[in-house]
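Asks: Here are the chains, one letter per residue:
Protein chains: 2
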Amino acid sequence: MTAPPRRVTQRDIARMAGVSQATVSLVLNNRTDAEVRIAPETRDRVLRVIAETGYAADPVARRLASRFNRIIGVFTYEPAFPSGSRDFFHPFLLGIEEYAERVGCDLLLFTSAPVVDGRRRIFHQDNRLRLADGCILLGREIPGAELHRLNGDGYPYVAVGRRDDAGGPVPYVGADYAAAVARLVEAALRHGHRRLTYVGMGMTAESSQDRRAGFATAAATAESARQVSAAPQAADTTLDDLLADGSTVAFVEDFATAVALEAAARRRGLTVPGDLSIVTLGDPTVPVPTDIVFTGFRIPREEMGRQSVEVLTGVIDGSAGGLQQRLLPCELVEGSTLGTPDPAVDRR
Amino acid sequence: MTAPPRRVTQRDIARMAGVSQATVSLVLNNRTDAEVRIAPETRDRVLRVIAETGYAADPVARRLASRFNRIIGVFTYEPAFPSGSRDFFHPFLLGIEEYAERVGCDLLLFTSAPVVDGRRRIFHQDNRLRLADGCILLGREIPGAELHRLNGDGYPYVAVGRRDDAGGPVPYVGADYAAAVARLVEAALRHGHRRLTYVGMGMTAESSQDRRAGFATAAATAESARQVSAAPQAADTTLDDLLADGSTVAFVEDFATAVALEAAARRRGLTVPGDLSIVTLGDPTVPVPTDIVFTGFRIPREEMGRQSVEVLTGVIDGSAGGLQQRLLPCELVEGSTLGTPDPAVDRR
DNA sequence: CATAGATGCTAATACGTATTAGCACGGCGG
DNA sequence: CCGCCGTGCTAATACGTATTAGCATCTATG
Chain H
1 MTAPPRRVTQ
11 RDIARMAGVS
21 QATVSLVLNN
31 RTDAEVRIAP
41 ETRDRVLRVI
51 AETGYAADPV
61 ARRLASRFNR
71 IIGVFTYEPA
81 FPSGSRDFFH
91 PFLLGIEEYA
101 ERVGCDLLLF
111 TSAPVVDGRR
121 RIFHQDNRLR
131 LADGCILLGR
141 EIPGAELHRL
151 NGDGYPYVAV
161 GRRDDAGGPV
171 PYVGADYAAA
181 VARLVEAALR
191 HGHRRLTYVG
201 MGMTAESSQD
211 RRAGFATAAA
221 TAESARQVSA
231 APQAADTTLD
241 DLLADGSTVA
251 FVEDFATAVA
261 LEAAARRRGL
271 TVPGDLSIVT
281 LGDPTVPVPT
291 DIVFTGFRIP
301 REEMGRQSVE
311 VLTGVIDGSA
321 GGLQQRLLPC
331 ELVEGSTLGT
341 PDPAVDRR
Chain R
1 MTAPPRRVTQ
11 RDIARMAGVS
21 QATVSLVLNN
31 RTDAEVRIAP
41 ETRDRVLRVI
51 AETGYAADPV
61 ARRLASRFNR
71 IIGVFTYEPA
81 FPSGSRDFFH
91 PFLLGIEEYA
101 ERVGCDLLLF
111 TSAPVVDGRR
121 RIFHQDNRLR
131 LADGCILLGR
141 EIPGAELHRL
151 NGDGYPYVAV
161 GRRDDAGGPV
171 PYVGADYAAA
181 VARLVEAALR
191 HGHRRLTYVG
201 MGMTAESSQD
211 RRAGFATAAA
221 TAESARQVSA
231 APQAADTTLD
241 DLLADGSTVA
251 FVEDFATAVA
261 LEAAARRRGL
271 TVPGDLSIVT
281 LGDPTVPVPT
291 DIVFTGFRIP
301 REEMGRQSVE
311 VLTGVIDGSA
321 GGLQQRLLPC
331 ELVEGSTLGT
341 PDPAVDRR
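Sequence lines, in order, name chains H and R.
Mapping the first sequence onto the working numbering, position 261 (from 1) lands on 261, and the numbers just tick up by one.
Mapping the second sequence onto the working numbering, position 308 (from 1) lands on 308, and the numbers just tick up by one.
If you're looking for bench data, these hints aren't it; they were derived computationally from the structure.
It should be emphasised that the depicted structure is a prediction, and the values quoted were computed from it without experimental measurement.
Don't take every hint at face value.
Unchecked claim - Partner residues aside, some chain H positions facing chain R, computed with beta carbon under 8 Å:
1. Asp58
2. Pro59
3. Glu97
4. Ala100
5. Glu101
6. Leu108
7. Leu109
8. Phe110
9. Asn127
10. Arg128
11. Arg130
12. Leu131
13. Arg183
14. Phe255
Said to hold, decoys possible - Computed footprint of chain H on chain R, listed as stretches where at least three residues anywhere in the stretch have a Cβ under 8 Å from a Cβ of chain H:
15. 58–64
16. 100–109
All C-beta atoms, glycine included, are put in the ideal place defined by N, C-alpha and C.
Make a model of the complete structure from these sequences and hints.
Replies: As structure tokens, then:
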């Protein structure tokens, strides 16, 4: 219970097999270069001793010597397993775990990072990033300064979600929100909608910018295409605004807001999509009870997780040429909330 | 992009501050023993250089030299983030993460462990356990042989859930199923139930054994107390069996089976708890839709996660004296499925 | 002025692995 | 018999930190 019993080392194996520690290392790593030659009998002898002792190389020493760990860091800007954002992070982690298992890497969650001003910080006194070969960054918003510093340090990382605010190029695996929103806008136009409103949350996050850009581009030919901001609590006000504007379809960034909007409409005796079409622009990030299947799209979170590991391993071993930035397509969800506008409403 | 840029080391700091590497290490670790003395000015100078360079000690080298890492391993016998057992592991991980954050440890998920015969194995060729200071073991069932080997290696670990099959003592943080089941049995007896049936799943897992033991002990004074096994699919057969036996209350180990049993009873026009009381002995591990609140208990999963980290850190630094085994109390859930037996049914 | 003790620091080494230069040995051609 | 080459291995070193013995230097004391 006091000092842990010293583990078996290559030196022990070497002594037992009557060779040098270097030979053990060479055999272990199956080195068969032209430069390095080991007689088959010697090799077998060493392997036999290894098998007998159940020796396993110390990963720490291995890492110190060779600089690679097969550890992938995962940095979440919020706790990874909270009840609140549970549905947000979980699919990413699922994909990350799956791919990490496939490539034989372990996952290091940086839970030790201290929380300052309600969010974790990568860089702090006892920065432990270097424990891993590279790192996956998860979070709704990631401070540009930290990305900048990662770039400066030459530390391999990948952000999940598009990022552009690092004062330099950022490797990422994101979802192609612009294209998905554009396709939904086009669908609405085909349905005959002429006055469209984008109901957003904020302007800062890249994911919001991309959605807004997709909306603006695709809706350019519409009679009216405007953007407003709203929260779930203000659903009634938002609804007033939509009706006053004569909008027949709302593209709602936040899922909970869409649910609230539909409820508000129903309370007033309006039908969806008869009187108002509602399109959602992302999966729920917090659990929202509703029986309605909203028209919108699905963010390929699991696949984003998988590909972020793939990209990261490429960045780490240098096999990935150039900057790695991927945008994955979102699958559209048919749903029941996008329809043909009622002419009575459309004509204001 | 090829070789990682060499990072700042203590040697660099030492050169800049005009001291030796040893001094840097001593300052960093805040060593103020009687044996070791550093002049305040020197200390400040070193600290200033450290702050300027943003130096952070390489945890790998630190670990190699001192054996401690502040990394807690998490080994899950099934993937940690599957859709299926999602509701099973998640609360544990939540508690683990919370406590790890509190004590400043990072979490290493051993995703690299290869899967053999449908489950992961700790021990294999390139065992990476030593990357962490110690390890938390999660899984419905954990092979005794692996626990045995961990014991033999003197590797610090804690199992989540009681374990006894290691051919030696196993440190664990479990739930006190025996006590919880006993209290439910006593409640049933107070309600007037005389013929009780335990509907179990299997006999192997310790968690099943504990529940059965608690049942057997507490039901010793009942007119009849028997144990049967059943699956959710066989709910009708099970119900037949209960009625034939004249049992007025069923203690059902598996949540899904309890749901199926209640549904079967309702289909036959029986009421719960009027004609039959049903008590559940654990939270759902897979999502089962039901509106009924079953009488039973709640497994303190989150707290088990927290305390497993607490116990492990104690085992690692040796501050925990002796064997660490904790059983946490389960909170009873009042529910609506335990009532007074109908005399007509009770008297068979 | 010699000596003892306190103070402030450094040199040396350990941790366990990977890598590389090069040694020892044997066979072969000249 | 000498030089050369191919084979099979080892000695030495690096990786970055923690630890410990002990070396200077200075102050106080007899």
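Asks: Could you run down the list of hints and mark each one as holding or not?
Replies: Hint-by-hint comparison with the structure:
no.: 1; hint: Asp58; verdict: holds (6 Å)
no.: 2; hint: Pro59; verdict: holds (5 Å)
no.: 3; hint: Glu97; verdict: holds (5 Å)
no.: 4; hint: Ala100; verdict: holds (5 Å)
no.: 5; hint: Glu101; verdict: holds (5 Å)
no.: 6; hint: Leu108; verdict: holds (5 Å)
no.: 7; hint: Leu109; verdict: holds (4 Å)
no.: 8; hint: Phe110; verdict: holds (6 Å)
no.: 9; hint: Asn127; verdict: holds (4 Å)
no.: 10; hint: Arg128; verdict: holds (5 Å)
no.: 11; hint: Arg130; verdict: holds (6 Å)
no.: 12; hint: Leu131; verdict: holds (5 Å)
no.: 13; hint: Arg183; verdict: violated (27 Å)
no.: 14; hint: Phe255; verdict: violated (20 Å)
no.: 15; hint: 58–64; verdict: holds (count 6)
no.: 16; hint: 100–109; verdict: holds (count 8)
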